[in-house]
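Number of protein chains: 2
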Amino acid sequence: MQENKASRNLNDRFTAFISRHHLFTQKHRLLVAVSGGVDSVVLCHLCKEAGFDFGIAHCNFTLRGEDSNRDEAFVREWSKQLNVPFHVVKFATQQYSEEQKLSTQVAARNLRYQWFEQVCVEHEYDFILTAHHADDNIETVLMNFFRGTGINGLTGIQPVHQQVRRPLLFAKRHELESYLKWHGLSFVQDESNLHDDYTRNYFRNTVLPLVAKTYPEVQDNLLDNIGRFNDVAILYRQEIKRLSKKLLITRGEQIHLPVLLLQKTPAMKTVLLELIKPYGFKATQLNEVIQLLGSESGRYTLAPSHRILKDRKHLIISPLENVADTAVVIEKGTGTWEFAKGAITLTKTSVATPGKEVHVALLDEALIQYPLLLRPWRAGDYFYPLGMKGKKKLAKFFVDQKLSLADKEKVWVLEMNRKIVWVVGYRIDDRFKMTDKTKSVLKIEWRSQSKKPMD
Amino acid sequence: MQENKASRNLNDRFTAFISRHHLFTQKHRLLVAVSGGVDSVVLCHLCKEAGFDFGIAHCNFTLRGEDSNRDEAFVREWSKQLNVPFHVVKFATQQYSEEQKLSTQVAARNLRYQWFEQVCVEHEYDFILTAHHADDNIETVLMNFFRGTGINGLTGIQPVHQQVRRPLLFAKRHELESYLKWHGLSFVQDESNLHDDYTRNYFRNTVLPLVAKTYPEVQDNLLDNIGRFNDVAILYRQEIKRLSKKLLITRGEQIHLPVLLLQKTPAMKTVLLELIKPYGFKATQLNEVIQLLGSESGRYTLAPSHRILKDRKHLIISPLENVADTAVVIEKGTGTWEFAKGAITLTKTSVATPGKEVHVALLDEALIQYPLLLRPWRAGDYFYPLGMKGKKKLAKFFVDQKLSLADKEKVWVLEMNRKIVWVVGYRIDDRFKMTDKTKSVLKIEWRSQSKKPMD
Chain E
1 MQENKASRNL
11 NDRFTAFISR
21 HHLFTQKHRL
31 LVAVSGGVDS
41 VVLCHLCKEA
51 GFDFGIAHCN
61 FTLRGEDSNR
71 DEAFVREWSK
81 QLNVPFHVVK
91 FATQQYSEEQ
101 KLSTQVAARN
111 LRYQWFEQVC
121 VEHEYDFILT
131 AHHADDNIET
141 VLMNFFRGTG
151 INGLTGIQPV
161 HQQVRRPLLF
171 AKRHELESYL
181 KWHGLSFVQD
191 ESNLHDDYTR
201 NYFRNTVLPL
211 VAKTYPEVQD
221 NLLDNIGRFN
231 DVAILYRQEI
241 KRLSKKLLIT
251 RGEQIHLPVL
261 LLQKTPAMKT
271 VLLELIKPYG
281 FKATQLNEVI
291 QLLGSESGRY
301 TLAPSHRILK
311 DRKHLIISPL
321 ENVADTAVVI
331 EKGTGTWEFA
341 KGAITLTKTS
351 VATPGKEVHV
361 ALLDEALIQY
371 PLLLRPWRAG
381 DYFYPLGMKG
391 KKKLAKFFVD
401 QKLSLADKEK
411 VWVLEMNRKI
421 VWVVGYRIDD
431 RFKMTDKTKS
441 VLKIEWRSQS
451 KKPMD
Chain W
1 MQENKASRNL
11 NDRFTAFISR
21 HHLFTQKHRL
31 LVAVSGGVDS
41 VVLCHLCKEA
51 GFDFGIAHCN
61 FTLRGEDSNR
71 DEAFVREWSK
81 QLNVPFHVVK
91 FATQQYSEEQ
101 KLSTQVAARN
111 LRYQWFEQVC
121 VEHEYDFILT
131 AHHADDNIET
141 VLMNFFRGTG
151 INGLTGIQPV
161 HQQVRRPLLF
171 AKRHELESYL
181 KWHGLSFVQD
191 ESNLHDDYTR
201 NYFRNTVLPL
211 VAKTYPEVQD
221 NLLDNIGRFN
231 DVAILYRQEI
241 KRLSKKLLIT
251 RGEQIHLPVL
261 LLQKTPAMKT
271 VLLELIKPYG
281 FKATQLNEVI
291 QLLGSESGRY
301 TLAPSHRILK
311 DRKHLIISPL
321 ENVADTAVVI
331 EKGTGTWEFA
341 KGAITLTKTS
351 VATPGKEVHV
361 ALLDEALIQY
371 PLLLRPWRAG
381 DYFYPLGMKG
391 KKKLAKFFVD
401 QKLSLADKEK
411 VWVLEMNRKI
421 VWVVGYRIDD
431 RFKMTDKTKS
441 VLKIEWRSQS
451 KKPMD
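Keeping their order, the protein sequence lines are chains E and W. So that you can map any letter, position 169 of the first sequence is 169 in full-length UniProt numbering, and since no number is skipped, the others follow by simple counting. So that you can map any letter, position 361 of the second sequence is 361 in full-length UniProt numbering, and since no number is skipped, the others follow by simple counting.
Bear in mind the hints are in silico, worked out from the structure with no lab data behind them. Bear in mind the structure is a predicted one, so any value in this text is a computation, not a measurement. Backbone N, C-alpha and C define an ideal beta-carbon position, used for all residues, glycine too. You can trust all of the hints, since none of them are fake.
Per the computed footprint, the stretches of chain W lying under chain E, defined by three or more beta-carbons under 8 Å from a beta-carbon of chain E, are: (1) 203-210; (2) 218-226; (3) 229-237; (4) 264-277.
Taking lysine-lysine and the BS3-like style, the derived pairs with C-alpha atoms no more than 25 Å apart in a straight line are: (5) K213/E - K213/W; (6) K245/E - K246/W; (7) K241/E - K246/W; (8) K245/E - K264/W; (9) K437/E - K356/E; (10) K245/W - K245/E; (11) K245/E - K241/W; (12) K241/W - K241/E.
Now the in silico label distances, taken between C-beta atoms and shown as ranges: (13) R29/E - P304/W: 49 to 57 Å; (14) T334/W - H28/E: 50 to 58 Å; (15) P266/W - Q162/E: 16 to 24 Å; (16) I249/E - Q81/W: 55 to 63 Å; (17) P266/W - H123/E: 31 to 39 Å.
All chains, full assembly: derive it from the sequences and hints.
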């Protein structure tokens with residue numbers, strides 16, 4: 001009787017959770033991901049009792065031979081019992097994970113979600129339902145916490161993520177087990193538990209029980225935390241959004257960030273990281289960007305798609321294709337990089353004799369720092385032409401070389417820290433040339449688009 | 001040599017931490033709290049090497065007999081060696097904790113900080129220095145996390161708290177131990193460790209080492225977390241401040257909070273709690289206040305100093321002394337409460353015979369809900385006088401009772417949920433009287449200020 005009440009209670013909390021988080025309604029068609037384990041079996045039963053319109057999807061990962069087939073047969077039978085559509089697929093998970101060089105766990109997840117989405121399209125399901133529950137959520141947050149995280153890592157598994165809905169997040173594992181027992185439902189050893197990593201099981205079975213000895217309410221405390229941290233994260237993001245509006249000034253394709261205003265901002269480092277993250281900059285680059293604040297004009301930091309340039313009183317964030325046509329960032333001293341005018345190949349060598357080949361540059365490797373930037377030349381560029389003492393504007397250099405207007409337009413330069421290293425196909429910079437002291441040579445070879453080296 | 005470098009490194013990081021957090025300078029006089037344990041011995045040595053102007057304060061808590069005296073002697077000797085002023089005090093900690101009904105730990109802390117502050121005044125010290133270090137900080141945050149916390153609990157021990165400065169927060173315990181060993185410093189078994197609670201030691205010695213098996217970098221990860229959460233907390237508080245300005249409208253002594261605007265606010269519950277916290281409302285009252293949002297006008301919730309009243313489209317927060325002179329909140333059905341006109345005492349009894357004593361009210365306890373509010377009557381008040389069927393305005397009742405203007409001004413009422421329960425010293429409300437069905441009686445006795453019961 002007690003248990004019946006608790007079970008009834010779970011049905012009510014299930015529908016209450018769904019409507020509170022606006023997960024879905026009776027009008028939607030739901031695809032429930034079912035491994036056959038306790039959690040997904042209970043999820044189906046709750047959906048059935050609540051009268052939702054759903055089908056079942058089961059992945060056979062073929063990782064455990066006959067056991068995998070047994071699970072598939074079980075879920076097929078369970079679908080029949082519930083009288084709902086059944087979708088099944090067999091994956092060559094092992095093979096896929098080897099081909100794609102992924103862990104079995106990641107491979108299984110990729111395959112699974114790709115297929116779910118496909119089933120949704122083909123059979124007109126609105127949402128994918130998974131059986132993640134409160135214990136999963138606690139374990140996830142705990143692992144994030146110990147692994148190091150910002151506020152987002154403490155908000156846990158979200159009830160809504162793209163097409164996925166997770167209507168069991170409110171329920172604890174033991175509640176699902178009681179429900180299952182009360183209704184006399186069968187289940188199989190959940191295959192997904194076997195993919196589940198060692199760390200999660202360690203936290204579940206070893207760390208959490210130890211903490212519970214001191215704080216018996218630890219599960220509820222952590223769930224309450226997750227609720228609060230979701231709110232904190234919402235308010236935090238609002239504040240970041242407000243600061244973005246205040247600090248980022250859009251100028252055409254560029255974003256200007258006033259250095260003084262930024263430096264006066266409380267929690268400056270965190271704010272700066274949040275401001276540059278959307279442009280592809282990583283937390284590991286933060287210190288580099290902070291150094292830009294105090295550096296002379298012209299210094300910059302690169303992300304795959306954007307550049308942050310220090311320009312007097314501002315940091316200027318620009319898309320790279322805008323900065324320099326389709327500029328190319330060269331992160332290290334070996335390899336080949338394609339660009340609009342062909343490709344350049346960098347190699348290191350200990351011996352090299354400078355020749356007349358203008359499509360090859362031989363530089364003192366010790367003087368080169370990465371990243372390098374390959375970009376079209378622009379007005380105002382200058383360099384120290386090889387063999388000359390002084391510097392020369394590129395415009396003047398091209399006149400001396402008697403270049404046509406059309407030829408001039410095609411010229412690209414290789415740049416390091418605002419210094420031109422090589423006017424590609426014409427002349428290297430005197431400051432980076434090989435000398436008697438050179439121990440290692442950086443050889444850069446350019447093949448033009450037409451595959452004919454230019455000379 | 002390696003170790004010397006690490007030790008040197010600690011000196012540099014010590015001064016860097018102090019200047020980065022603006023803790024103090026060479027101009028300040030510092031009082032270092034020294035138990036004689038590793039941490040505080042190292043703190044003194046670092047202060048000496050950095051050339052800071054400091055004295056040593058030692059508390060003898062007399063909790064461990066001769067051991068306590070040995071510690072005191074050790075610290076006295078250590079002060080001589082360092083050639084700095086020594087301040088010492090003996091506390092009858094056990095006696096104090098029993099008198100004040102405090103745990104030994106809390107008692108010791110109270111005594112210690114009170115005395116430190118006194119020494120600072122008498123001997124012109126600017127700041128009190130304690131030797132809390134990174135491991136303390138990690139353990140504190142971890143305990144908060146498992147006990148349940150908001151963002152503030154994840155920001156850890158602060159380097160600055162009132163007059164206290166904590167310049168060792170950057171250092172790990174093992175670094176302090178290496179420093180001590182390298183410099184060949186002596187120390188005693190830190191008495192404060194004995195006061196330290198069981199939980200902290202459990203986390204230090206059992207939980208953290210287990211987590212480190214999976215995440216060897218857990219200490220650094222948690223320290224990084226603390227840094228990030230401090231920034232998150234700053235940005236969170238800024239957003240709360242902005243929302244306060246937007247949502248709270250000051251009207252004289254009252255604060256108006258527009259219900260619709262509040263309900264549209266993201267993370268509403270958390271925002272609401274932050275808005276009402278400064279007025280003494282607790283997290284445990286939050287659901288009650290949320291219910292007010294949808295309730296009819298006139299309902300309210302009380303904190304010791306303030307009331308939140310639902311009034312049509314607003315919640316109105318008012319100071320109680322303003323709402324009703326020096327109104328008194330009665331939270332439970334037994335005890336004595338002082339107020340401007342004397343005191344009332346509430347007791348529960350199973351048998352009582354109503355008499356003529358108007359300074360005593362006998363009510364059906366089952367009908368009474370807490371808190372009750374004791375306040376001066378005001379225009380518009382009405383009640384159902386005992387023995388009458390209908391309701392009557394108090395103004396009319398006083399006329400019938402032939403009260404003088406001066407007497408009228410002195411009348412107070414006891415109110416429950418906007419209903420008057422008792423016109424104190426005159427008449428109870430008919431709705432709350434004892435009947436045949438009454439099982440338990442709430443007896444309320446009023447003694448007037450002059451200690452003469454009024455009748």
